[in-house]
Amino acid sequence: MVVASPLHFQLKYHINQSPSLELSGAMSAKAFLLSHYSFSPPNIPRRNFNVHNSFYDTSGSGRGRGRGRGRFRYGERELLIKRNSSSWKLWADVKSKPFKIADDDALLRKKEDVDNSVGLPQEFPKRWVIVILCFSAFLLCNMDRVNMSIAILPMASEYNWTPTTVGLIQSSFFWGYLLTQIAGGIWADTVGGKAVLGFGVIWWSVATVLTPIAAKLGLPFLFVVRAFMGIGEGVAMPAMNNILSKWVPVSERSRSLALVYSGMYLGSVTGLAFSPFLIHEFGWPSVFFSFGSLGTVWFAVWLSKAYSSPLDDPTLRPEEKKLILSSSVSKEPVKSIPWKLILSKPPVWALIVSHFCHNWGTFILLTWMPTYYHQVLKFNLTESGLFAVLPWLTMAVTANIGGWIADSLVRRGTSVTVVRKIMQTIGFLGPAFFLTQLTHVDSPAMAVLCMACSQGSDAFSQSGLYSNHQDIAPRYSGVLLGLSNTAGVLAGVFGTAATGYILQHGSWDDVFKVSVGLYLVGTVVWNAFSTGEKIID
381 MVVASPLHFQ LKYHINQSPS LELSGAMSAK AFLLSHYSFS PPNIPRRNFN VHNSFYDTSG
441 SGRGRGRGRG RFRYGERELL IKRNSSSWKL WADVKSKPFK IADDDALLRK KEDVDNSVGL
501 PQEFPKRWVI VILCFSAFLL CNMDRVNMSI AILPMASEYN WTPTTVGLIQ SSFFWGYLLT
561 QIAGGIWADT VGGKAVLGFG VIWWSVATVL TPIAAKLGLP FLFVVRAFMG IGEGVAMPAM
621 NNILSKWVPV SERSRSLALV YSGMYLGSVT GLAFSPFLIH EFGWPSVFFS FGSLGTVWFA
681 VWLSKAYSSP LDDPTLRPEE KKLILSSSVS KEPVKSIPWK LILSKPPVWA LIVSHFCHNW
741 GTFILLTWMP TYYHQVLKFN LTESGLFAVL PWLTMAVTAN IGGWIADSLV RRGTSVTVVR
801 KIMQTIGFLG PAFFLTQLTH VDSPAMAVLC MACSQGSDAF SQSGLYSNHQ DIAPRYSGVL
861 LGLSNTAGVL AGVFGTAATG YILQHGSWDD VFKVSVGLYL VGTVVWNAFS TGEKIID
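If you use the numbering used here, the sequence shown corresponds to residues 381 to 917, in order.
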């Protein structure tokens, strides 16, 4: 399209006690389209203007107080001046050469250049608002989950629970968590992630508040409430995966997922850090009451700011919507799930097996780490909580480092398959190596360091298997994550309960050996069968 862009300047010369010249105008059509902004240059001194010819009176009065006209010269431009009764007005019509408007992408890039060149503030991308809200939801998720791993110590003492009973209580969370993995994925892919994630946060927050009441009523009530809490948290990951698959471009996928999952790690840090203080000052029930109430605050913000898809958001800027939708796989909602096709793909089974192997070790450390510090390293309750923070804090940092590395490799042309295999191999072999070192260390400081390094390398999995669902089946990413995370939850159920049994009949070395063996199995399966390419449309 060719556009002739007249550039109109209107100059007003005001005659009063302090004459001044004001210049205001619109930019050319091209600059206007690119910037959407007008500009007002500073006043131009009168000495820059030279009178080209004498003014003449057109009013007929001969006194120069009516209408008049004349000409100015400014540089090489001829300017026409007209006078009304009280002011002079000056016009200049300058026509630019015709130009061809570039394609939309180039236009948007030039717009950003113009905005940056004039120092205009850039609006924070809405897609990252969604990412941060998901991050905060996962922060609350793990705060409400790990508080039991601290509170279980005074609770077990008060109610005289055995290690086997403690293991059953810890694993009862996963009974409910298991039920809603696939269901949450189907619901998110068909209804939308906003409603599903909002439901999950409110549900698990209520269950958290009810935990002390259930414990006083008896073990059966506690089992049910912990399972109910698992039902709420079970929909969180599939719903989040569904939302981000619609909101985040491929080039930002690893970073966004790493940030969201680091919310889980920081949630563990927050829960483990504040729980001992709350227990010491107000008793163990205060942990559940205070943490559970935070979910209502998050839910209010979520309702007002979040949307399941960019297409649903009326406040989204057009240029950001174009950027997001240009890498969107499908704008149509999922109506049916091709289960036979999904289950026939080897990379899907690589995800399932690897997720099981990964979560066995992760959930054991999540639920049993404070007990390990208390029983083996002889830390007191406060020390157990504080030292348990370090591995999760390390994970929060390394997860984001891994995300930036993965996205950088993808942008530089490394295949997504290679990137996912590298990241997940680190996520498996790193923890395996450091857990084997725990059997050789003889000081609490070295044990804590090994735990931190184990969990820190484990966090690279966020740029490996946890990013792979959107790679191979972006339309069904919620369902696929629900499917693989079901295997991961089974690892949590069996691993957490089995750890209690192993400790009653064996040692912590035996617990770590099982985890190391599964990490090695996961490494082999992942590198043999996984892919980063889309295999299901």
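Heads up, a few of these hints could be off.
[Stated by the list, open to error] Distance condition first, Cα-Cα at most 27 Å in a straight line; then the derived DSSO-like pairs of lysine-lysine: (1) Lys725 with Lys715; (2) Lys715 with Lys893; (3) Lys893 with Lys758; (4) Lys702 with Lys685; (5) Lys914 with Lys720; (6) Lys725 with Lys801; (7) Lys914 with Lys701; (8) Lys720 with Lys506; (9) Lys720 with Lys801; (10) Lys701 with Lys685; (11) Lys715 with Lys701; (12) Lys715 with Lys702; (13) Lys702 with Lys914; (14) Lys725 with Lys506; (15) Lys893 with Lys801; (16) Lys506 with Lys758; (17) Lys801 with Lys914; (18) Lys725 with Lys914.
Bear in mind the hints are in silico, worked out from the structure with no lab data behind them.
These are the hints, each one checked on the structure:
1. Lys725 with Lys715: holds (21 Å)
2. Lys715 with Lys893: Violated. Lysine 715 to lysine 893 sits at ~44 Å, over the 27 Å cutoff.
3. Lys893 with Lys758: Measuring from Cα to Cα gives roughly 22 Å; hence the hint holds.
4. Lys702 with Lys685: holds (20 Å)
5. Lys914 with Lys720: holds (17 Å)
6. Lys725 with Lys801: holds (17 Å)
7. Lys914 with Lys701: holds (23 Å)
8. Lys720 with Lys506: Measuring from Cα to Cα gives roughly 36 Å; hence the hint is violated.
9. Lys720 with Lys801: holds (26 Å)
10. Lys701 with Lys685: holds (16 Å)
11. Lys715 with Lys701: It holds: about 24 Å lies between the C-alpha atoms, which stays within 27 Å.
12. Lys715 with Lys702: holds (25 Å)
13. Lys702 with Lys914: Roughly 22 Å separates the two Cα atoms, so the pair holds.
14. Lys725 with Lys506: With Cα atoms ~35 Å apart, lysine 725 and lysine 506 exceed 27 Å; violated.
15. Lys893 with Lys801: Holds: lysine 893 and lysine 801 sit about 24 Å apart, inside 27 Å.
16. Lys506 with Lys758: violated (48 Å)
17. Lys801 with Lys914: holds (15 Å)
18. Lys725 with Lys914: holds (11 Å)
Going through the hint list in order, the structure does not satisfy hints 2, 8, 14, 16.
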